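First to last, the sequence lines map onto chains W and Z.
The UniProt record's numbering numbers the first residue of the first sequence as 1 and each following residue consecutively.
The UniProt record's numbering numbers the first residue of the second sequence as 1 and each following residue consecutively.
These are calculated hints, taken from the structure and not from any lab test.
Please read these numbers as outputs of a predicted model, since none were measured by experiment.
Among these hints, one or two may not hold up.
[To be verified] In silico lysine-lysine, DSSO-like type, Cα no more than 30 Å apart, as pairs: (1) K384/W <-> K116/W; (2) K471/W <-> K161/W; (3) K206/Z <-> K118/W; (4) K223/Z <-> K119/W; (5) K223/Z <-> K216/W; (6) K216/Z <-> K206/Z; (7) K315/W <-> K206/Z.
[What the hints assert, rightly or not] Covered, in the sense of this in silico footprint (three residues per stretch, anywhere, with C-beta under 8 Å from a C-beta of chain Z), are these stretches of chain W: (8) 16-25; (9) 230-242.
Heads up, the beta-carbon is just placed ideally off N, CA and C, and yes, glycines get one too.
Number of protein chains: 2
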Amino acid sequence: MKKSYETLNSMLERSMALQTSLILFEWDNETLAPEDAGSYTNRVIGVLSEEYYRIMTDDEMGNAIEACEKEDNLSDLERAIVKAAREAREDLICIPSQEYRENAQLVADAVRIWTKAKKSEDFDSFAPTLEKVIGFKKKFASYRKKDDQKLYDVMLNEHEKDFNSELLDEFFSQLKKEIVPLLKEITEHGKEIDVSFLTGGYPVEKQKEMAEFLAKYLGFDFKKGVLSESAHPFTTNLHNHDVRITTSYHDRMDSSMFSVIHETGHGLYELGIGDDITQTSAGQGTSMGVHESQSRFFENIIGRKAAFWEPIYGKLQELYPDKLSDIPLEQFVEAINKVEPSYIRTEADELTYSLHIMIRYEMEKMIVEEDIDLKKLPDIWADKYEEYLGVRPDKASKGILQDIHWSQGMFGYFPSYALGNAFGAQLYYHMQKEMDFDELLRDEKIDVIREYLRENIHRFGKLKTSRELLKDITGEDFNPDYFIRYLKEKYRKLYGLS
Amino acid sequence: MKKSYETLNSMLERSMALQTSLILFEWDNETLAPEDAGSYTNRVIGVLSEEYYRIMTDDEMGNAIEACEKEDNLSDLERAIVKAAREAREDLICIPSQEYRENAQLVADAVRIWTKAKKSEDFDSFAPTLEKVIGFKKKFASYRKKDDQKLYDVMLNEHEKDFNSELLDEFFSQLKKEIVPLLKEITEHGKEIDVSFLTGGYPVEKQKEMAEFLAKYLGFDFKKGVLSESAHPFTTNLHNHDVRITTSYHDRMDSSMFSVIHETGHGLYELGIGDDITQTSAGQGTSMGVHESQSRFFENIIGRKAAFWEPIYGKLQELYPDKLSDIPLEQFVEAINKVEPSYIRTEADELTYSLHIMIRYEMEKMIVEEDIDLKKLPDIWADKYEEYLGVRPDKASKGILQDIHWSQGMFGYFPSYALGNAFGAQLYYHMQKEMDFDELLRDEKIDVIREYLRENIHRFGKLKTSRELLKDITGEDFNPDYFIRYLKEKYRKLYGLS
Chain W
1 MKKSYETLNS MLERSMALQT SLILFEWDNE TLAPEDAGSY TNRVIGVLSE
51 EYYRIMTDDE MGNAIEACEK EDNLSDLERA IVKAAREARE DLICIPSQEY
101 RENAQLVADA VRIWTKAKKS EDFDSFAPTL EKVIGFKKKF ASYRKKDDQK
151 LYDVMLNEHE KDFNSELLDE FFSQLKKEIV PLLKEITEHG KEIDVSFLTG
201 GYPVEKQKEM AEFLAKYLGF DFKKGVLSES AHPFTTNLHN HDVRITTSYH
251 DRMDSSMFSV IHETGHGLYE LGIGDDITQT SAGQGTSMGV HESQSRFFEN
301 IIGRKAAFWE PIYGKLQELY PDKLSDIPLE QFVEAINKVE PSYIRTEADE
351 LTYSLHIMIR YEMEKMIVEE DIDLKKLPDI WADKYEEYLG VRPDKASKGI
401 LQDIHWSQGM FGYFPSYALG NAFGAQLYYH MQKEMDFDEL LRDEKIDVIR
451 EYLRENIHRF GKLKTSRELL KDITGEDFNP DYFIRYLKEK YRKLYGLS
Chain Z
1 MKKSYETLNS MLERSMALQT SLILFEWDNE TLAPEDAGSY TNRVIGVLSE
51 EYYRIMTDDE MGNAIEACEK EDNLSDLERA IVKAAREARE DLICIPSQEY
101 RENAQLVADA VRIWTKAKKS EDFDSFAPTL EKVIGFKKKF ASYRKKDDQK
151 LYDVMLNEHE KDFNSELLDE FFSQLKKEIV PLLKEITEHG KEIDVSFLTG
201 GYPVEKQKEM AEFLAKYLGF DFKKGVLSES AHPFTTNLHN HDVRITTSYH
251 DRMDSSMFSV IHETGHGLYE LGIGDDITQT SAGQGTSMGV HESQSRFFEN
301 IIGRKAAFWE PIYGKLQELY PDKLSDIPLE QFVEAINKVE PSYIRTEADE
351 LTYSLHIMIR YEMEKMIVEE DIDLKKLPDI WADKYEEYLG VRPDKASKGI
401 LQDIHWSQGM FGYFPSYALG NAFGAQLYYH MQKEMDFDEL LRDEKIDVIR
451 EYLRENIHRF GKLKTSRELL KDITGEDFNP DYFIRYLKEK YRKLYGLS
């Protein structure tokens, strides 16, 4: 290893170790930590975050990066890591340490205040805190922005490089034009689908058995991974040999099954990161959007197909004979694909999901770029739900306060959920040229699909952006048409619309 | 806060946060982490340990400590923290960073090599590694030792301040003189006690229910604590609002019950640490010996008493009607107190336990002070077991390789287990002057006992050493007579010896 790179590398190892410890604290907090530990453990987390900030903004780090940038015999990987270090440093060093600390404290408080406000259905008690969070978020974006970049675009780029609101406007306007009317048509003229048999009488112990089976069936390696329980399902990882997914169990049985399939999709991505890049700054999924493309690929595109269930539906019937022995496969597959406009994003079906995201996208732009009066947010929210989904929430927990994201200052994050759907569909149409999905699924050859994704996406980690991946795989830049086409084809057929 | 103290405090917060993260990694590794994560996560742990070493040995820390030592208006607590910081720094700074790193790496390897050697019953394959571990251990002790201190005393002091081999020689020689003959008398002339009904037919699910019940019954606060499962039961804590205990479940039902009671004893100690000192260098149990005094107090002195079981034995019978409904309380209490010379320390009963420790103590002194040929260790071990316990191990896993400690370089640690027993007995005889244990236990008033221990021991954390605690509570220095008396009284009676 070259001397200058070695110096940088050992500093990056220190910052990486701190980040890994923060990930472990977060995991622990969501899955196990006792109720009253919060404020004490938060102190520790605060100190570790500052330690990370200290290393990244230290002059020594700046000098090491500069020395590496002058080096001309670095490998491609080394160069990518130097570039990532430069970017991570620049994102931090432009923020005064005092403000960095204040914001971290504010966000910790904000989550608590949001939780309380949601419980008491009281948006007004959260609004002043939200205003402060937005204030910091905009200030930080103004420190980070380049040239005449929009503040909201800076926020978008934190989660998805190479994207901006221009591209997203185009994407969402197509969604609005095509999917809002399709949803109306389905609710007005589509056939009735019964889902009542999916609820009640599914013991948690059996749901757990099924969850483990599904994760294994998709190829989740339990020697390098863990499946636990948490209030909200999520995936995290310490490195490519320690990837953790969670689910939660409810009365409605398909909820835990599809959350496990979803999280397994995330998990397979992180398990597929190359050994050469794990524990480096390139050793994670490249973006939230690509991550969601993988989770939703498994959850929706594959996991809700009849062919996926053909070989394993018998197992499900055996597990729950009282509930499912009289339900034929076709009826089960229809039920798990039912479209139903609803209030809550995390419970939304595949078709309406992106409309939930569209609403948040439109509102985030208003909040960030138009300086809107926050008191009006609940009404704007309700109006948009009524317009696009045909339902009007009557309380904050079902509306404006349902998501934790804004309290954490995560503006610009929501669009990635919808982008993930679109990336997945674009991949799907391309992959069909090379493989017959129905045949593979019927033959239980999920490994062929998984290996394709590993080979073309997972192993690269952050070495390629989402648009680079799409270009390299499909030969085409990001193109949302595939997603629209996918939804229209699938749901017109399901609902018997011509 | 005074300026100089503030500076020191913020550096100590950083080192404390790193230590807390290391504790979390250890917890995670023992309870959950996937099998293959090891070497990757160890890299992270290595970097975090070095970060801790870096902060503690930095000149800035040295200057901050010196400035505080010159300050004359510090509170008692602040002075104690400065002193602890000085000691922790001196323990580290005398070791060259290169050797510190080499030793950490060696210990990680040594544990792996020990695990393998134990599995293949092959001490010789471990001996060269053990020799290196001992080499480092002795070298570090020679860096740390003061004046004409013995190397083994330096190691003892890492776990128990104010103790040395002179005090321990006296303690163990009394044990040898009194308990070895008592054991012979029991095995030769004591009555037969049947324990067969304690094994088999105890479903793990029910054992879990009992484990949770017992922890709660003793006052373990699940809002500030967690009970999990691990191969070897242990207790750890992030601070006084996050204390974690584990147990493991076996065919023999009393195993998990008494490991939970034992770990709850440790847990109550850490939960009882004062809010004013948690998350400072004084905010932990003061020593391994005092910790064991608490765990064994609950496990043996209280937990194996008839009066403890009187109010709750009915619950146990209800839980396992097939097994226990015909077993009267007296028979159950006899069984859980049965004395049985055995090979394995962790499975030993209350009477023989300290003899297992005595053997290790005698061997550690030989290893450290007499430069003994390591190849002879298995035979020396077997000879001592034969002499003191009347059993001779025929393989390494039942003998010299049973414990992990030496592979981790933990010499000087074992004696604390026996000291804990002795501290507990000394406390017990003193507390009897103030309370009637049998009456309290029959009335389910364990809180009175727990509060006494909290008030007199727990809340002080490291602010008092073990000998200071004993002195302040009982008015007497450490006195092993109580332990000998306790064992003799209890077991002569149990076994019907005059």
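Status of each hint after checking the structure:
1. With a C-alpha separation of about 25 Å, the suggested pair K384/W and K116/W falls inside the 30 Å cut-off, and the hint holds.
2. As the CA atoms of K471/W and K161/W are separated by approximately 14 Å, the hinted pair is consistent with the 30 Å bound.
3. Note on K206/Z and K118/W: the hinted pairing is violated, with a Cα-Cα distance of about 38 Å set against a maximum of 30 Å.
4. As the CA atoms of K223/Z and K119/W are separated by approximately 20 Å, the hinted pair is consistent with the 30 Å bound.
5. The suggested pairing of K223/Z with K216/W is violated, with an alpha-carbon distance near 34 Å, which exceeds 30 Å.
6. In summary, the hint linking K216/Z to K206/Z is supported, as the alpha carbons are separated by about 15 Å, within the 30 Å threshold.
7. Between K315/W and K206/Z, the direct Cα distance comes to roughly 29 Å. Compliance with the 30 Å bound is thereby established for this hinted pair.
8. Here the stretch 16-25 of chain W counts 7 residues with a CB under 8 Å from a CB of chain Z, which clears the bar of 3, and the coverage holds.
9. Against chain Z, the stretch 230-242 of chain W contributes 5 residues with a C-beta closer than 8 Å to a partner C-beta. That satisfies the three-residue criterion, and the hint holds.
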